[in-house]
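Position chain B with the ligands against the provided structure of chain A, taking the given hints into account.
2 protein chains.
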Amino acid sequence: MKIMTQYKDGNYAIEVARGILEDRIDDYTDKYDQVFYLADKNVYQLHKNGKLSFIEDPILMEQGEASKYFDAFSNLLETLLSSGVQRNCLLVVIGGGAAGDAGGFAAATVLRGVDYIHVPTTLLAHDSSIGGKTAINSRYGKNLIGAFHRPKGVIYDLDFLDTLPESEILSGFGEVIKHALLKDKDAVDALMDATKDGIELDVIEPFIIKGIETKMEHVLRDENESGIRKHLNLGHTLGHAIEYRYRMPHGIAVTLGIYAALYISNELNQEDTFDLAHFYEYFIGLGYPMEELKALDASDMISLMTKDKKNQTSGLVGYIVMEDAGRARFTEIDRQQLTKFINDMKESL
Amino acid sequence: MKIMTQYKDGNYAIEVARGILEDRIDDYTDKYDQVFYLADKNVYQLHKNGKLSFIEDPILMEQGEASKYFDAFSNLLETLLSSGVQRNCLLVVIGGGAAGDAGGFAAATVLRGVDYIHVPTTLLAHDSSIGGKTAINSRYGKNLIGAFHRPKGVIYDLDFLDTLPESEILSGFGEVIKHALLKDKDAVDALMDATKDGIELDVIEPFIIKGIETKMEHVLRDENESGIRKHLNLGHTLGHAIEYRYRMPHGIAVTLGIYAALYISNELNQEDTFDLAHFYEYFIGLGYPMEELKALDASDMISLMTKDKKNQTSGLVGYIVMEDAGRARFTEIDRQQLTKFINDMKESL
Ligand SMILES: NC(=O)c1ccc[n+]([C@@H]2O[C@H](COP(=O)([O-])OP(=O)(O)OC[C@H]3O[C@@H](n4cnc5c(N)ncnc54)[C@H](O)[C@@H]3O)[C@@H](O)[C@H]2O)c1
Ligand SMILES: NC(=O)c1ccc[n+]([C@@H]2O[C@H](COP(=O)([O-])OP(=O)(O)OC[C@H]3O[C@@H](n4cnc5c(N)ncnc54)[C@H](O)[C@@H]3O)[C@@H](O)[C@H]2O)c1
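Going line by line, the protein sequences match chains A and B.
Basically my numbering = 1-based index in the first sequence + 7.
Basically my numbering = 1-based index in the second sequence + 7.
These aren't lab readings, by the way, just hints derived from the structure by calculation.
Bear in mind that the values here come from a model prediction, so they are computed numbers and not experimental data.
Among the clues, some could well be false.
It does not matter which identical chain is meant; a pair holds if it fits inside one copy or across any two.
As the list claims (entries may be wrong) - Here are the simulated lysine to any residue pairs, SDA-like style, with alpha carbons at most 20 angstroms apart:
| # | residue 1 | residue 2 |
| --- | --- | --- |
| 1 | LYS237 | GLN93 |
| 2 | LYS149 | GLN93 |
| 3 | LYS48 | ASP166 |
| 4 | LYS140 | GLY120 |
| 5 | LYS347 | SER310 |
| 6 | LYS149 | ARG94 |
If we strip away everything but chain A, and leave its shape as in the complex, we get (with noise of 0.2 angstroms):
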């Protein structure tokens, strides 16, 4: 499956499918003199003897979130200008989606800007590998330092998603529901039809294709954040509060946050939009950790969410919020009515 993007120009490929990378990497490395491949450590260990035995000398990067930290990202920079990289190089950057925006940021701004692609090796990468976004973290949040930078190509080979562990996909998989919700409510009861009795790869590979399609279309539709690619935020503005305090996988957490926004949104409604004990269910059938939405405590949750970054008026906190599956829209509510919201849906639990 290839899907091409659709921008005014620096278009670029998103190849998806099992087993293509070592057939499409030369088409891309070709055309540069000099290439360097840059790998998460752990996936370069658990494939270095498969399928990424082709690579002579990789740069391993920090496992993860690891090489997000600036450090480490001094470091890959520093090791990058030492192996005497030229304006002309191609840098195919192998790893989630923490080795894709450390990776890529390493591209944006190595010689003020070189070439690369990424290749996803997690689920949730099928999300952060479109849209251009490339950041490290601060000491004071994460993505606070960064750029736009596209890649010149995504090769997302979907083998290398058998070694990833069940949490690393109930974290992606958050993110293909959260695209089945923006797209369309066909698309949320096919995939949690197909998926009631578990995740099975090769079972939501088409989901995965539709999430990547909903992600650029929301993308393409707004560069600048301003208007629909907020609706990405779905899940997003609790997802990252409960992230950052207990420290769970940013998908999950995003899991949670979705089934926030999903009680929000009915409240706001008026009426049952959304069939919330059908969602919980399925949730814990596929073993998210929704009990931990019972312990929330709603002033912490609210201040953490105030200091994101996205959420500018003070009293007011930013919301997306959905009037139907495929309808999101941005909104702000007031922290008063959010602490009671937050409340109440814990109660209902």
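Only chain B with the ligands this time, still in chain A's reference frame:
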């Protein structure tokens, strides 16, 4: 004097005159809810009771080049983030080329990019503040990490130059000379005539403005530095090597490099296009350490030059030479021939 850039979009004004900062700054800051002043420590110290007394809580940057090292840069970002910087903010970067480069790169990357204006305080910054290049240094060389990020404006208040040390005047003036050479013979003659007895700031003001215009022309006609923008490297190929080896201010080394480029141009042109003796006397008269040229070790210089990131063909060294004033061209000179040129030039002095 107000000069507008002529990009397809994202244009901005460069305003140049004495005493304009206080008048002009509000026009920029008024548009933002949040304004941060980032100032070179040294500059702030010198002007805090005068021109900069209106600033309440400046973020002080390490002075000059020190601000361009990774640690200083990450501290700058963390300070900004700890101050609660938001996307819709303006950074006002006050200082020379170094502050402009580091502060501009901070603006390029904090929250994936915020607005900034530059308030240049050195003579050299008439050059560095044009073109949208920002950068910091790596362990492996200068300006190896950065981004293209245009300011929203440049307020070049020449009053700052009054406190600039003599060596920094000479350094900045090197780029003024370069810009005259890239312009045409009349510009060179007028500049040399006006400054034959020394560099008076009020006399060179029109030449600063012409320099800005010349730099801008080169940048506008070639955003990607493949063609004519390269001409701005006149004097820089050897200049960078001299700067590195002898640790002298950038523009002073460039001036020595310019002399060498004129010498080599005469050789390649096989005629006395440039009156070398006249240039030599002129440079000596202004205080440039021309005698350092006699001490150059050609092979050391060439090996430094070929590590320069702008020289990508081994065996040959990329070089900007002049067919005449106003007619620069890029060429590649064989290492052996270049060695001979450098040695012959040393003997001619
Ligand atoms: N740029 C964007 O638009 C965007 C969007 C969403 C998320 N993100 C970022 O993505 C990051 C999260 O990405 P992620 O969930 O992919 O996590 P990750 O990249 O941190 O990877 C999670 C863990 O899985 C390991 N791993 C990766 N691939 C594996 C494989 N095939 N087999 C076994 N282990 C593997 C990693 O080593 C790591 O330990 C966050 O930093 C987040 O901020 C970015
Ligand atoms: N971005 C570009 O296109 C570009 C072009 C050329 C040079 N540069 C960069 O610019 C830097 C050199 O800039 P520079 O020559 O302006 O040097 P600088 O910014 O390092 O300043 C030189 C010294 O002068 C001091 N200073 C600055 N203003 C002063 C004032 N008004 N009074 C007294 N002291 C003052 C500084 O504290 C510093 O010690 C280099 O890092 C170079 O790489 C960038």
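Structure-based check of all given hints:
no.: 1; hint: LYS237 - GLN93; in the structure: between (36 angstroms within a copy, 16 angstroms between copies)
no.: 2; hint: LYS149 - GLN93; in the structure: between (29 angstroms within a copy, 14 angstroms between copies)
no.: 3; hint: LYS48 - ASP166; in the structure: within (17 angstroms within a copy, 54 angstroms between copies)
no.: 4; hint: LYS140 - GLY120; in the structure: both (14 angstroms within a copy, 11 angstroms between copies)
no.: 5; hint: LYS347 - SER310; in the structure: within (15 angstroms within a copy, 70 angstroms between copies)
no.: 6; hint: LYS149 - ARG94; in the structure: between (29 angstroms within a copy, 15 angstroms between copies)
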